[in-house]
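Q: Top to bottom, those sequences are chains A and B. The opening position of the first sequence corresponds to residue 198 in this note's numbering, with each subsequent residue numbered one higher. The opening position of the second sequence corresponds to residue 476 in this note's numbering, with each subsequent residue numbered one higher.
Calculated from the structure, these hints are not laboratory results. Glycine included, every Cβ here is placed at the ideal spot set by N, Cα and C. A couple of the hints might just be wrong.
As the list claims (entries may be wrong) - In the SDA-like style, the derived pairs of lysine to any residue whose C-alpha atoms are separated by at most 25 Å in a straight line are:
id: 1; chain 1: B; residue 1: K500; chain 2: A; residue 2: L202
id: 2; chain 1: A; residue 1: K199; chain 2: B; residue 2: P571
id: 3; chain 1: B; residue 1: K617; chain 2: B; residue 2: T601
id: 4; chain 1: A; residue 1: K199; chain 2: B; residue 2: M573
id: 5; chain 1: B; residue 1: K611; chain 2: B; residue 2: E663
id: 6; chain 1: B; residue 1: K611; chain 2: A; residue 2: R278
id: 7; chain 1: B; residue 1: K617; chain 2: A; residue 2: D279
id: 8; chain 1: B; residue 1: K500; chain 2: A; residue 2: V439
id: 9; chain 1: A; residue 1: K199; chain 2: B; residue 2: S553
id: 10; chain 1: B; residue 1: K617; chain 2: B; residue 2: N521
id: 11; chain 1: B; residue 1: K500; chain 2: B; residue 2: G541
id: 12; chain 1: B; residue 1: K500; chain 2: B; residue 2: S539
id: 13; chain 1: B; residue 1: K617; chain 2: B; residue 2: H672
id: 14; chain 1: B; residue 1: K617; chain 2: B; residue 2: I673
id: 15; chain 1: B; residue 1: K617; chain 2: A; residue 2: K199
id: 16; chain 1: B; residue 1: K611; chain 2: A; residue 2: I220
id: 17; chain 1: B; residue 1: K617; chain 2: B; residue 2: D606
id: 18; chain 1: A; residue 1: K199; chain 2: B; residue 2: T552
id: 19; chain 1: A; residue 1: K199; chain 2: B; residue 2: K611
id: 20; chain 1: A; residue 1: K199; chain 2: A; residue 2: G323
id: 21; chain 1: B; residue 1: K611; chain 2: A; residue 2: D279
id: 22; chain 1: B; residue 1: K611; chain 2: A; residue 2: V439
id: 23; chain 1: B; residue 1: K617; chain 2: B; residue 2: E577
id: 24; chain 1: B; residue 1: K617; chain 2: B; residue 2: P554
id: 25; chain 1: A; residue 1: K199; chain 2: B; residue 2: D632
id: 26; chain 1: A; residue 1: K199; chain 2: B; residue 2: N505
What the hints assert, rightly or not - Looking from chain B toward chain A, a few residues come up when the C-beta cut is under 10 Å (computed):
id: 27; residue: N505
id: 28; residue: G534
id: 29; residue: L660
id: 30; residue: R691
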Amino acid sequence: MKPALAITAAAVRQILGLRRAIIFGLAALAPALVFLLTAQALADEAALDRFVAMAVRLYFPLLVPIVALIMSASALGDERRDGTLSFLVLRPIPRSVISASKYIGAVLVAGALNAFGAAALGIVYGIDTGSWGMVLPLVVGGFVASIVYAALFVPLGFFTDRAVLVGLAFVLIFENGVVSALSGLSTLSPWRLGLSAFSGLANGDVAPLLADNGLANLSSLGAALSWSIVFAVASVMAITLVLRRRDLA
Amino acid sequence: MTTNPALVESPTVEVDDVSKWFGQKVAVSNVSCSFGPGVTGLLGPNGAGKTTTLRMLTGLIRPSQGAIRVLGVWPRTSPSVYASVGLVPEEAAVYPAMTAREYVRYAATLSGVDDAAEATDRAIDTVALDDAADRKLSGYSKGMRQRAKVAAALVSDPQMLFLDEPLNGTDPVQRLHLINLFRRLGDEGRTIIVSSHILDEVDRMSDRVIAIVDGRLAAAGDVAAIRGAMSDIPYRVRVETDRERILAARLLEEALVHGVSVDDGVLHVETDDLAALGRRVPAVARDVGARITSFRPEDASLESVFRYLVRKR
Numbered sequence: 198m199k200p201a202l203a204i205t206a207a208a209v210r211q212i213l214g215l216r217r218a219i220i221f222g223l224a225a226l227a228p229a230l231v232f233l234l235t236a237q238a239l240a241d242e243a244a245l246d247r248f249v250a251m252a253v254r255l256y257f258p259l260l261v262p263i264v265a266l267i268m269s270a271s272a273l274g275d276e277r278r279d280g281t282l283s284f285l286v287l288r289p290i291p292r293s294v295i296s297a298s299k300y301i302g303a304v305l306v307a308g309a310l311n312a313f314g315a316a317a318l319g320i321v322y323g324i325d326t327g328s329w330g331m332v333l334p335l336v337v338g339g340f341v342a343s344i345v346y347a348a349l350f351v352p353l354g355f356f357t358d359r360a361v362l363v364g365l366a367f368v369l370i371f372e373n374g375v376v377s378a379l380s381g382l383s384t385l386s387p388w389r390l391g392l393s394a395f396s397g398l399a400n401g402d403v404a405p406l407l408a409d410n411g412l413a414n415l416s417s418l419g420a421a422l423s424w425s426i427v428f429a430v431a432s433v434m435a436i437t438l439v440l441r442r443r444d445l446a
Numbered sequence: 476m477t478t479n480p481a482l483v484e485s486p487t488v489e490v491d492d493v494s495k496w497f498g499q500k501v502a503v504s505n506v507s508c509s510f511g512p513g514v515t516g517l518l519g520p521n522g523a524g525k526t527t528t529l530r531m532l533t534g535l536i537r538p539s540q541g542a543i544r545v546l547g548v549w550p551r552t553s554p555s556v557y558a559s560v561g562l563v564p565e566e567a568a569v570y571p572a573m574t575a576r577e578y579v580r581y582a583a584t585l586s587g588v589d590d591a592a593e594a595t596d597r598a599i600d601t602v603a604l605d606d607a608a609d610r611k612l613s614g615y616s617k618g619m620r621q622r623a624k625v626a627a628a629l630v631s632d633p634q635m636l637f638l639d640e641p642l643n644g645t646d647p648v649q650r651l652h653l654i655n656l657f658r659r660l661g662d663e664g665r666t667i668i669v670s671s672h673i674l675d676e677v678d679r680m681s682d683r684v685i686a687i688v689d690g691r692l693a694a695a696g697d698v699a700a701i702r703g704a705m706s707d708i709p710y711r712v713r714v715e716t717d718r719e720r721i722l723a724a725r726l727l728e729e730a731l732v733h734g735v736s737v738d739d740g741v742l743h744v745e746t747d748d749l750a751a752l753g754r755r756v757p758a759v760a761r762d763v764g765a766r767i768t769s770f771r772p773e774d775a776s777l778e779s780v781f782r783y784l785v786r787k788r
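For reference, chain B alone in the conformation it holds in the complex:
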């Protein structure tokens, strides 16, 4: 039994000390992890190396160092493994002159699906594109194109699905539909790897998260464990006031305040107890005659989560 949260017991996809560099730029550095049945979120800010990692997993690009195995083989040299793989890339990746039905059927034919027409209808139905299936993809919204790409990936009934920012451009209804679909596919025992830079999305889709920051593995495990690990960092609050230095000095005397800093006339306060700070700051401001114009937690943003993960490394 493995104790490394980046590894799973029965992996279908294995990443072994993989690095990728493009000239002088290191996109992914010494990443080791594995994926198994269920939905795994590949989380990271834009430019973290998620897309590069997914492209390596599918064999679109080769690792500069290390090894990748999908169902025990490197896909680039064993194309037959693609019968078990579906990819939804982040970029457009659709043929604008085709209708969605033609596009999905083309995918079915290339994947060697026996009854391509029947499989196409089923895949289109799965992503709820029936009404627009005979319209050209050039007239589709980004969200509809995303669904067409998901249908094309699903048409061969793959055992593994690699999804690069699949919810981009989708409206809330489509988003919920796709999230439920991915969860269902994961529950069916398929390996679903979903990349996203939106923590909430990953949280809703995935049982397990691999977080990548600056091309490195920053955290791994289930979402609750990662959140729990982050509870040791203080919240950071941005306070805009006309007397920032006086207020900063006074707040430092408060037990619930861990630190303060003033940057460009803005006061930043660190605390473990956000709610208590929210109650205390107005009182202290009144005491020193300061007027508060803004009080906003900075740590609600994903960037702060990633900053934490980077610091932790």
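Isolated chain A (complex conformation):
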């Protein structure tokens, strides 16, 4: 247990330096700030409409993936580039422990930053409307999306130095393009899985507004959580396999 905790703690520290924490912490406040500036003096119904618009246009499809991409891609990618991978793998610990610990480190950092952004948006909405029921669903949704994104981007960062570019292409072209056109693929879109979790936990007023934004075919909360577990397990297994089989220097 000790090595796993040590690797996770080191991963968190390595992924989230002070500069990154400040930059991405401020970036995570963007949806809340935009809501604050644009939702002044709106009626509760219109404020909810604006809140959902922030979530589906800014928070889930842009902020969550970008934060998760940058944080996750560096979890193993930095180790490979900096030559510290040998320090990690030449230890008497199973490779599965290394991959799981690294993955958890990435999820904790990306999830915490995205949860921070979600909480800020939910709190601003709560201050504006007096309704606080959106904070937890949005935090959970952001965290679920972070789990799935990390499952994709941690291995991606290991395989290529251009992980950010490839990841952005995935988000902008596949998720925000192809999946938008073919809604049957929505389970392959991490932010839609996060949005599904949000929708499943939020009150019933949200679902129609999501449908108005072209997001009617979302998974159920249970399905979103199940898929996120499937992605996480598959990712850890894939990283473990790579660490076992691939040349590591």
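On the provided structure of chain A, position chain B as indicated by the hints.
A: The following block gives chain B in isolation, referenced to the frame of chain A:
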């Protein structure tokens, strides 16, 4: 009892007909050797295949052909063997945001050391980094980083230590300290494999040398034996003069001169007796009216040693 100088009696590390290629490039070719307790130098010029060999020994990369056994097993499939192995890689391999103490303690924790704090202090003390141990590694010089890496490798008290160019960037005092440390660890019965492209370093650290040139095993044995084997090649001397061809023709008449060549206006002379040649050349130059501007043995360089080993193969 083995007669092959590349093999040892009680090996802890065995390399059996190992090759490694990356695409079309052959990095290591059909190397067979073994390592046992004591310090063994892995000698070779840059790009010879030393780092690739060390990486294969530790299981970081797989051989394309052949087998490697560390304590009887292939490390990649038996990670438990890493409890007995320490590696000091050539590349940076440190976490810049950590202090040396955090870095060494991290190594101790990952290696399952019982009292990580105590082992960390001891390892830091061993490499004489106490004063700087709580400074971030990002502010360390290359030599200090090397010592931090050695401390991280030693913290689990490993039976085997693989060191890839461990003296790079160290100052003379640090170098002497590390050389003495490696010798002491070897004397304690540990298997220490040190790669270097500097003959003098290897000579000072190792009782035994495995020389690799162009990815192939070029020579093996104790340092004295390899040097002795090289005594059959003539010294090569570079002479710069204004009348190189006349001087070359005249020097060929000297019994101590085995051969001459002129290349780009520079005279190259081969001899068995460097000191005698040094005395004779000025006299001959005077006789033919040539002015000597430079007289320099070429064979003092390591490259010439490796050239010899390549030719010998």
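Q: Look at each hint and say if it fits the structure.
A: To see whether the hints hold, each was checked on the structure:
1. B/K500 <-> A/L202: 40 Å, violated
2. A/K199 <-> B/P571: 22 Å, holds
3. B/K617 <-> B/T601: Holds. B/K617 to B/T601 sits at ~18 Å (cutoff 25 Å).
4. A/K199 <-> B/M573: 18 Å, holds
5. B/K611 <-> B/E663: Given pair B/K611, B/E663 is violated - Cα atoms ~32 Å apart, limit 25 Å.
6. B/K611 <-> A/R278: 20 Å, holds
7. B/K617 <-> A/D279: Given that 25 Å is the threshold and the Cα spacing comes to 15 Å, the pair holds.
8. B/K500 <-> A/V439: 23 Å, holds
9. A/K199 <-> B/S553: 20 Å, holds
10. B/K617 <-> B/N521: 19 Å, holds
11. B/K500 <-> B/G541: Given pair B/K500, B/G541 holds - Cα atoms ~17 Å apart, limit 25 Å.
12. B/K500 <-> B/S539: At roughly 12 Å apart (the allowed maximum being 25 Å), B/S539 and B/K500 satisfy the hint.
13. B/K617 <-> B/H672: The given pair, whose Cα atoms are some 18 Å apart, holds under the 25 Å limit.
14. B/K617 <-> B/I673: 18 Å, holds
15. B/K617 <-> A/K199: Violated: B/K617 and A/K199 sit about 30 Å apart, past 25 Å.
16. B/K611 <-> A/I220: 23 Å, holds
17. B/K617 <-> B/D606: 16 Å, holds
18. A/K199 <-> B/T552: Distance ~22 Å between A/K199 and B/T552 Cα, so the pair holds.
19. A/K199 <-> B/K611: Given pair A/K199, B/K611 holds - Cα atoms ~23 Å apart, limit 25 Å.
20. A/K199 <-> A/G323: Violated, at about 41 Å.
21. B/K611 <-> A/D279: Holds - the C-alpha atoms of A/D279 and B/K611 are around 16 Å apart, at most 25 Å.
22. B/K611 <-> A/V439: It is violated: about 31 Å lies between the C-alpha atoms, which goes past 25 Å.
23. B/K617 <-> B/E577: 18 Å, holds
24. B/K617 <-> B/P554: At roughly 30 Å apart (the allowed maximum being 25 Å), B/P554 and B/K617 break the hint.
25. A/K199 <-> B/D632: This hinted pair holds, its Cα atoms lying about 19 Å apart.
26. A/K199 <-> B/N505: 41 Å, violated
27. N505: Not OK, violated: B/N505 not within 10 Å of chain A, min 19 Å.
28. G534: Hint holds; B/G534 Cβ to chain A Cβ min 7 Å, cut 10 Å.
29. L660: Since chain A brings no Cβ nearer than about 18 Å to B/L660, farther than 10 Å, the hint is violated.
30. R691: 21 Å, violated
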